[in-house]
Structure formats: C-alpha cells, structure tokens
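Protein chains: 2
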Amino acid sequence: MKPVKVGLLGLGTVGCGTVRVLARNADEIQRRAGRGIRIVSASARDMTRPRDCDLQGIALTADAYAVVDDPAIQIVLELIGGIELARELVLRAIDNGKHVVTANKALIALHGNEIFAHASKRGVTVAFEAAVGGGIPIIKAIREALAGNTIEWLAGIINGTGNFILTEMRDKGRDFADVLAEAQRLGYAEADPTFDVEGIDAAHKLTILASIAFGIPLQFERVYTEGIARISREDVVNAAELGYRIKHLGIARRRAEGIELRVHPTLVPHRRLLANVDGVMNAVLVRADAVGPTLYYGPGAGAEPTASAVVADLVDVTRALTVDPTNRVPHLAFQPDALADVPVLPIDDAVCAYYLHLRAADRPGVLADITRILSERGISIEAVLQPQPDEEVEDASIIILTAVVQEARINDAIAAIQRMDAITTPLTRIRVEHLK
Amino acid sequence: MKPVKVGLLGLGTVGCGTVRVLARNADEIQRRAGRGIRIVSASARDMTRPRDCDLQGIALTADAYAVVDDPAIQIVLELIGGIELARELVLRAIDNGKHVVTANKALIALHGNEIFAHASKRGVTVAFEAAVGGGIPIIKAIREALAGNTIEWLAGIINGTGNFILTEMRDKGRDFADVLAEAQRLGYAEADPTFDVEGIDAAHKLTILASIAFGIPLQFERVYTEGIARISREDVVNAAELGYRIKHLGIARRRAEGIELRVHPTLVPHRRLLANVDGVMNAVLVRADAVGPTLYYGPGAGAEPTASAVVADLVDVTRALTVDPTNRVPHLAFQPDALADVPVLPIDDAVCAYYLHLRAADRPGVLADITRILSERGISIEAVLQPQPDEEVEDASIIILTAVVQEARINDAIAAIQRMDAITTPLTRIRVEHLK
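Sequences listed follow chains A and B, in order. Take 1 as the starting number for the first sequence in the UniProt record's numbering and just add one per residue. Take 1 as the starting number for the second sequence in the UniProt record's numbering and just add one per residue.
It should be emphasised that the hints constitute simulated quantities derived from the structure, not laboratory data. As the structure is a computational prediction, the values presented were derived from the model and not from experiment. Any given hint could turn out to be false.
Stated by the list, open to error - In silico BS3-like cross-links for lysine-lysine, where the CA-CA straight-line distance does not exceed 30 Å:
#: 1; chain 1: B; residue 1: 2; chain 2: A; residue 2: 121
#: 2; chain 1: B; residue 1: 121; chain 2: B; residue 2: 2
#: 3; chain 1: A; residue 1: 2; chain 2: B; residue 2: 121
#: 4; chain 1: B; residue 1: 2; chain 2: A; residue 2: 172
#: 5; chain 1: A; residue 1: 436; chain 2: B; residue 2: 172
Assemble the whole structure, with the sequences as input and the hints as a guide.
Right under this line is the structure:
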C-alpha cells in the first residue's frame, strides 16, 4: 500500500521532533499501520534557519497555503501554533477535503466548535491528541477508553512549567520569582511566562478535557482561572505541615446543577498519586462511574513527547481514511447532534474545602472571633495550625482548613474576617481537593 | 441506526457488571457511539442462580452454543473464563463471522496466536482490553497511543491481590500468610490463591503486554515467574530502610540480544510513582523512545472496572463493523505478517540489580569473605546494611544491594556465599529495578 502523504505546517520544536520520530521509527510505524506515513512537503516562515532534523526528501516552501492547497496532500499537520493564521489554514485544509492533525490547544479551545462543525460537514477528521498533556494519551483515554462511563470529574496537572516551579519551591524552599527565573534559563518557561503561570495554558487544556468528558461545547470563556504567582514559600511549608502538597490543577466536575470548570493552585493530600507528580511531568486523574479512578501520567511537553502524540494521531487518521465518517470517533467524544446544553457554573457556585492563611495581632480572642465568623456562616473547621510566631514580629500566622463549602459563602466569611481590626495583612485563600 | 446486537457468554461478576453498566449508561454510550449496544441473549451454566443485574429483555439460555450460533448476534462477549470451553466458543463465534470481545487473559496468553490467526482469516476482530489491568486502558495505550514509538521496556503492577498483600505487609507490619488469609476473607483472593500469589495471572498479562509492545507472538511458556510467598516482613522493613518498596512486577524489556520477560517481587525506589501504587490498584509504566515514560493507573479488577473496558471494546468494535479489516488496529498492534522473530531470553541472561539478605554467624571476617566472593565475579556493591542483631540469637543479618549484573553471575556468587560455613540460613535474593 502506498504511503500516506502528509503536509507539515511549521518546522519549530515539535515540527522537527515529528520529522525525526517519523524517520527514526519508520519501520515500527509501518509494521503497525500497515503502510508508511510520509511528510512530503513542509512550510516554515524562515526557510534559512538551521533545523534540528533531516529535511531531505521533503519539499520546502515559505508558503503555508501551497501545502494546504496541494492536491497530493491527504493529511495536513498544523504545528505553527498561534491562533488566527492557524485557524485560517486549518479551515482551508478542511475545505480542501483534507484531514488535519494539530497540537494547538489555544486553537481548539477557542475555535474548536467552528472547526469541528466544518470538518463534520466536509466528512474529514481533525485530531488533536497532542493539544493536551503532551505525550500522555489523555484524549484517547477519555474519548474512547471511558466510552462506557458517565464521567464524574477530572483533575489534572496540565502545565509542566507551573508544576516545575511548585516542585522546586517545595523541594528546595525557594521563592516563586527565583524559581521562575531559573525555569526561564532552563527553557521550561517562556520569556513572557503569563500563559503558564497565570493558568491560561491550563485553562485551554481544561476546556478541551471538559468537552470530551461531559459532551458539552468548548467554552474557554467560562473557565475560572487563577495562577500560581501568589503562592508563597510559607504556604508551601504550611501545606506540608498539614499533610498536603500544593499543585496547580485544572478541575472539571459534573454536578446536578451544572459543571464546574476551574484552574487554580490546590492543596492535595500528600499520599495521592497526583500529589507525587513532580517537575515538568503532567498527569490527569479521571473519576468515572463504572471504572472509578484512573490516572494518566507522562511528559506534558517537549519535542518528541508531543511528536509521539502527533504520530499516534497520524496513524489513527490513516486507518480512518477509508472509514465512513459516521463511524469515526466524534471530535468531542459525543456525536455532534448529541452534545449537552449543561450550564457551566460561575465560580461563586463551586464547592470545595479551603486553606486560609492570615496574619493577626498576637492577642487573645482573635481566633475565637474568626471561628465565630466561620460558624455563623455554617462553615466547619477541619484543622487549625498556629506556627510559633517569629520573635521580631508582633503578629502571628493562623492557618485554617475548612470543610467543603460553597465558594460564595467562604468569600463572605473572608470579607468579614478581613474587616477585623486584628488582621494585619490580606488573607491568603487556597482551595483544597481530596480527590476521592 | 439500529442497536448492535451482542450475545453474552457468562453471567458471573463481570458479566452482570457489564449488563448493569450498559443499562445505566445506555444514553451516554449511544450519544458517543451513535447507536445503541444491546445484549439480546445471554448464556449461563446455572440458570437458577440469583443475579446482581436486571436481565429483563435478554433471552437466557443454558446453551452457550445457541448464542454463538445465533445469526442475529453481531458481537459475542466471552466472559465465562476458563480455557478449553472458552477457546472452543470463541473459535466457533469467529467461524460464524462474529466479532468477539473477551476479558479472558489466560485464553489470550495461551491461545491468542491461534485465535487471532483465525479471526484475521475470517475478517473479524477479537478485542481484549479487559484482559490486562482491568479498567486501565493499557492495551489501547500501547497499541494505538504509542504507535509512533519504539517501546524499550514496561513494568507493571498487574495483579491486585499481590499488591494488596504487599501493601498490607508494609503498612501494618504483618506476615504474608496472615494478610493472605484476610484477602481471602475480603474476596480479594481466591480460595486457591496460586494464580495470584505465584505470579501466573501476572505472567498471562505480561505475555499479552510484551506482544503488543514489541510485535512478537504470544509466548507465555517463556515468561520467568516468581511469586511473593517467600517475601518476609523483615525484607519489607529492610527495603524501606534502604529507600525502597517491594512490588510484584511484570517486566518486559527489549535488549539487543532479545527480550526479557519476567514476573517477580522487585525493590523499587520509594519516590517512583509505581512504588506508591497501593492496595488492589494496578499501574503500568511504559518507557518508549519518543515519549519517554508514561504511566497508566487504575483498578485492576472488579465487576464494573472490568465492564468499563469491555464496553469500550464493544464501542470500538461497533465503530469498526463497517471498516475494511485491513484498516483495523491489528490484534497484536503490529500487522500479522510483520511480527518479529526476536528471542525471549532465558532468566540467566537477564540483567538487573539485586538485594541479598543473609544470616551469618556474628564473627569477624564474614562480610569480608562475602565482598570478596562478589568482587571476584565483578559484582559491585551499592550498599550494605547490618541491622542491630537480636540479643538472643547468635547470627546477624547482612543486607547487600548490588549494582546491575547478569543473573547467571549473581547466582554463581550466591552459590559460593551459601557454601560458606558462617552462613546459617538460605540466602534471600530479590531483584531491584530503578525504572529509569
């Protein structure tokens, strides 16, 4: 059987990684897929840049449209990143009747609904395993392997940069800013780290995971997002003292009233597997009604891990080339006409437990006042920690772990506590998840 | 579109779990698959037994052949377990042109080569996700998601009973026999626990994993298998002291000379995720050249976790009903004519590190003699531990961790050590894997 012809857009890190993996494992891939997968043409903005891969036998062009419009190409592989140009090229490839494989989470999170509608109408597939969790086959797991389940919730470490920073802060007792600077030196963090540390990248990925888990349209704009920049070394130590680790999680939970979609730092009990996922690694824990908990772990980024997911998609699409479109795995796991119109809940309606850290004047009655404020609002306290105060300062830390409560109610309590005369600094509030 | 018609063989734990899951999640499954999946007939040996599922609408029979021969049935679901009858029924279903879904690891490990050859000739699929790792989609992950990789090795906790026993021994300082009795009371272990504690069940599963990872025929008879019955409470404590945990692992490793296939208790560094998989949970760590390490975790047994895998297979097979057989995922991940003729190495050729535990007369020169025996054979020592000897006994424990060495060489050293006058009891040898 003739090799499948792929046109590659973008010769950056992942593009070159894919060229390398397809070449190095050509024999293994052909033995599995039953036919070869060959990149026949590739486009890149800057054609003169040296590349970390062998481009022999690949027709090169600076014109991405030439690839997308080439009638010989069966699958377009979009690895240019960014949003507007990528969207245009992908839609054009679809209009040309080509299948698409992409690693572009922002594109799928923001324009996936439009892109999948186009693809379904044209009878082609847009595959995007590499968009979430790098080399972890989390899209395939949720979309295919859990097809018999009602999925209840999922929680994931889906940004390697953020997890690297939190791991270093804990292991070495370092400050956020200090570790971030090192991550930038090591190439784990971008020069502009906003997407990673503010949680936007994780929110893109959570948007995708929630859609395929619950069968709802992609709704990036509804994800509540909080970054890790305000996590202090002190909070990391306090969490450890209480038996927890702080992880930056994306959480999607189905409740009777609707769906919670939130990205934020989270205290996780230290014996949970997810609490032990360190450095740049990613992991997603999924809770489903039949199987119970399953967890998927691996490198969330990098040239060849991402290429691994891209090539798996290429093999899947190759197998599906001759398949009647109605028998393919639907883009968002559920048939397009069977998506659910379930509301995404505002963050005020979320329910979870909370870690509160405040500094108060070191005098009698302060803790009593705080517990009264909480109990008046029906908020139970699970634990209180009062570290030995520093000799030199006049105020003391109080750390409180609450039971599970609605977010609006804890916010009301926090406002009341903050109004107390004895409270000397803004209160820190971190959510707690037991993941059971 | 009309529902797919499934004939179920076996109404035991997993059979009933599958009936329940298909009924409870009928709507979610149909929204995903685009059509319903309906069990229309079922067979069971004892028709009078009360069942833990609602059988309304399912035609019941005591004659499994009536299900297999029913022209209305499109997919036969084999959940009777055992080997000979299951083999006959599955082959007959295939001859009748039906697809088969099975959870039967022994059947696949022992007769998979024959069954898949039959199925390929007849153009039907035999799916077996539930045969390994219960609800963990490990077959799908290796066979499809890692299709772009050369797989280097995999190591898995693939028997929940064994892992439960080892976890209890560590957490509660209990003896093997004691915990086994409790596992039997709890229903985690069979009345005859041989398959679980002697590693045969794990060897069946490892046989399957190795084939789909490396593209070799199923070769159960070549798996080296060692159980956990000889692990002592003392070894568990010593391992912890050295920074390790003891796990019963199935390991398949590709080396230049051939493939290692072995099931045995293993010391694993305690910070590895696999070392933290506790109780009846399973997990498989896979190392592949492009993606690096990925890990898959979940419940390895139980009615509904296994049903989750079975239903995923039913959905996959349903989607593939109209697909040209040559475009389906091959049974053993690689095309039948592309399987490799790589030898499975005898255990003497395996290489790993070793934990040695011996009791010797408490007198000078003993440790020097032992280290000489090891060094004469080129075996490096990584660590030595000599726990404080008991006041009442005359001999003392010596624990040695070696560097990586060929198994034949450590066996020769052990024989020489065992011949020393000072050695008072048989030496304990446990393999060590760093899983890097």
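**Study point:** Restraint status (C-alpha distance of residue 436(A) to residue 172(B) at most 30 Å)
**Key:** Holds - the C-alpha atoms of residue 172(B) and residue 436(A) are around 23 Å apart, at most 30 Å.
Q) Does residue 2(B) pair with residue 172(A) here, judged by a C-alpha cut-off of 30 Å? A) 60 Å, violated
Assess, step by step, whether the Cα of residue 2(A) is no farther than 30 Å from the Cα of residue 121(B), and give holds or violated. Distance of about 23 Å is within 30 Å: holds.
### Query
If you draw a straight line from the CA of residue 121(B) to the CA of residue 2(B), is it 30 Å or shorter?
Distance of about 27 Å is within 30 Å: holds.
Can the restraint linking residue 2(B) and residue 121(A) be considered satisfied, given a maximum Cα separation of 30 Å? 23 Å, holds
Checked against the numbered hints above, the structure breaks only hint 4 and satisfies the rest.
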